[in-house]
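Construct the entire structure; sequences and hints are all you get.
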Amino acid sequence: MTARIGVVTFPGSLDDRDTQRAIRLAGAEPVALWHKDKDLHQVDAVVLPGGFSYGDYLRAGAISRFSPVMETVIEQAKSGLPVLGICNGFQILTEAHLLPGAMLGNNHLHFICRDQKLRVENAGTAWTSDYASGQEIHIPLKNMDGRYVADERTLDELEAEGRVVFRYVDFNPNGSLRDIAGITNAAGNVVGLMPHPEHAVEPLIGSGRTDGLPFFTSILKKLVNA
Amino acid sequence: MSRTPLDTVEHAAETPDVELPWAELGLKKDEYERVVEILGRRPTGAELAMYSVMWSEHCSYKSSKVHLRQFGEKAPQSDALLVGIGENAGVVDVGQGYAVTFKVESHNHPSYVEPYQGAATGVGGIVRDIIAMGARPVAVVDPLRFGAADHPDTKRVLPGVVAGIGGYGNCLGLPNIGGEVVFDACYQGNPLVNAGAIGVMRHEDIHLAKASGAGNKVILYGARTGGDGIGGASILASETFDDAKPSKRPAVQVGDPFQEKLLIECTLEAFKEKLVVGIQDLGAAGLSCATSELASNGSGGMTVTLDDVPLRDSTLSPEEILMSESQERMCAVVEPAKVERFLEICEKWDVIATVIGEVTDGDRLEIFWHGGKIVDVDPRTVAHDGPVYERPYARPSWQDALQADDANKLVRPGTSEELKSQVLALVSSPNQASKKWITSQYDHFVQGNTVLAQPEDSGMIRIDEETGLGVAIATDGNGRYAKLDPYAGAQLALSEAYRNVATTGAKPLAVSDCLNFGSPEDPAVMWQFAEAIRGLADACQQLGTPVTGGNVSLYNQTGEVAIHPTPVVAVLGVIDDVARRTPVAFQEEGQLLYLLGDTREEFGGSAWSQVVHDHLGGLPPKVDLERERLLAEILISASRDGMIDSAHDLSDGGLIQAVVESALLGEKGARLIVPDGLDAFTFLFSESAGRAVVAIPRSEELRFNDMCGARGLPVTRIGVVDGESVDIQGEFALSLEELREAHEGTIPALLA
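Keeping their order, the protein sequence lines are chains A and B. 0 is the number of the first residue of the first sequence in numbering that gives the first Met the number 0; add one for each residue after it. 0 is the number of the first residue of the second sequence in numbering that gives the first Met the number 0; add one for each residue after it.
Don't read these hints as lab results, they were simulated from the structure. No experiment lies behind these values; they were computed from the predicted model shown.
Straight-line Cα separation of at most 25 Å, PhoX-like style, residue types lysine-lysine; simulated pairs: (1) Lys-116(A) x Lys-434(B); (2) Lys-64(B) x Lys-209(B); (3) Lys-35(A) x Lys-337(B); (4) Lys-337(B) x Lys-271(B); (5) Lys-61(B) x Lys-28(B); (6) Lys-35(A) x Lys-347(B); (7) Lys-154(B) x Lys-435(B); (8) Lys-506(B) x Lys-73(B); (9) Lys-73(B) x Lys-621(B); (10) Lys-347(B) x Lys-37(A); (11) Lys-116(A) x Lys-435(B); (12) Lys-77(A) x Lys-220(A); (13) Lys-347(B) x Lys-273(B); (14) Lys-271(B) x Lys-209(B); (15) Lys-35(A) x Lys-271(B).
Here it is as structure tokens:
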């Protein structure tokens, strides 16, 4: 048996089909979810993909967070449904208060696209168990609003509880506080990050590495062994 | 608000003596007289609006048509061409049932006025051309040219253009995989912002811009129509209305990439369900263009009720609605039984869609407003029968002197030390420096099919995940070469793009072009234009790569001074399995470096002559199309059979530029030996065409040499991939660190 992993398409989602491909390559079954449909169609986990939902004209993720599908995602995430937010998905998760903090415009004011080095700080979440803690990986990054911010107390809390999942290494591409690239909730089922693991799953394509594949194999193993 | 009576067809017939502002709308006296002759009466204001925009240089190609015909007349026999010149974009068969459509267009003037929106809407427009053919857009490329890199205005124009291209393309989810950035004082005040796009579809999904089948509905969908992008129409409007309405509307359109993304998805879903009979995007000339082209390409006529067009601004006059260039709009022709489903799909994607008209069995395009008929024309006369000019052209008087000013006679470096400092000056010059600061503002990963992106020789996209089938695209142009000899310059642009595609392992199939020139009213410019087209058409014929479509941009000049003639050529290629692609970067130490082709003392128009001597004169490198074809065949075979691990074409900057780029990208140095019969300077800086440098695993050396020998391609072993520096034996060595600093520091220092 395999796991069914839903990928939500919001208006303006861009990496939804790529994420479905990554899920398929990891051996799981991708299920397309539609933003206007509250029904999650019995998926075992959900990915909120990257893109510019609603054009990011208001604030990245601010409108998508109110879409019908998110009502169910928010409700089920609180009872343990594994949810991964990539880039715009991460922004939606913070707007939905499933993850703390917020994302501001990159400190250099430009869109940035690069192959980014990261350190896996927490290999204990639903989405990172196939990595080793401290492992350094390269994952493509591309965003306009990627500067992670939160108040000092929240940041200290995240650090103390091991909830910083990824940190930028060698180069901080957007001015994120404490080089934070990704975080998790207290339960470890909700993870958000700015870089795009779905663009690092095939040796020939994109960055030419497969460092992103363990995201999708991690969740598959967890779901199949559950 | 007081207003004059509606200028209907009837009213126009009754008031033949009303003066219309045809001159302000850009029509010449004889052109206006022709409109009157065609209609047998004076045109209504709305008709005049349509004729004036559709007969503009931009839409009618009136100055260029007589020359562009050569692309058709000299078109080589090609089985690959499915749709040729004249549609929204050409379509090429790439095998396995796939068809690829691609096109390059200019958005030069708007990008100078308003860099961000000008460039953004340039991307939007070319992408809609691709969708209108039935294809899913899969990549964009952007050949750009700016004034001198250190000119203050370049710092205004370039960052805006780059942010606009990124802002729009990134938000659409299209990987940006190629293009160029060139600086030259001749583009000061006239930057060239060309935008290209590629789309993929199955053969059976090709759609055309025609309205057929009486009773079929005409549906306008996408953004509401506003007052943006209206040039002369407001003149008409102000004649009709009083001063109470807004005036001085911006002539540059404003883009909404989010709306365009929805438009892409909803159009593709409608195609998938086979709901669309004909389709046209709304670009230049807006509804005037879409309705007249759809109607004239179909079998019947068309009626349109302009009152049904959804508006952003209810005060717009009918003339303004017809001329508005509001972005993100498309027009589809749909059978009555399928209209409901079409509208449902639009609603699913939150796209506004409205039936605005119907195909008739007549042959007139009739447009109504407030119950009155304000347009009654034969659509062909608007869309296709515009004026055609045989503009006078003459070889400029200065051409001989320019060619006599031989770059080969310029002072060359006398010592190894001087050679070394000129190499550093070259690789750090704005044109030769790394453009990473620019390209890192573009998403090149999205869609998950990007195999190669800039700074590779060509961008490459996988189009079938199972078989690995892929397409490659390269765009090239060298205004300096074209200024020295427009005929050869155009051929060199094609040669380079063709070579770039082959260097990555793909087989060149077809060509699109964007021809950027000064004023056609200047006989010298017209000569450059005529020569460039003749050169390109001849070369396409010889290389067997048909021109599938393109774009002409004239009037790129300030006062009397025109830009360098700049034909930009895009070549599309196909590769059976993207796993066999050849990258630029050196892969492994110890691999042997071979120079393919002949190196001659050719420095006219070269990067060296520009960087070291600020000189432009002499003749451009010799064109040898048969050599280009042979070189391409060798590069493709070598890639397919796994004989080479990296390759880089040699063009501006010569061999040293190519080797430095391969070394920096691969983070591996090279030891080079100046071959017998060449001096170090010529070896490093010559820009002879038809050359590439390849890295060969030692185990493949014999086989590779045998292949080149058997086919008659001269090859020279010039060194080995090795170490932490680029070492020209007996001359000088430059560490990778030093080279990286020189090559990558320039653009951020100028622009960041």
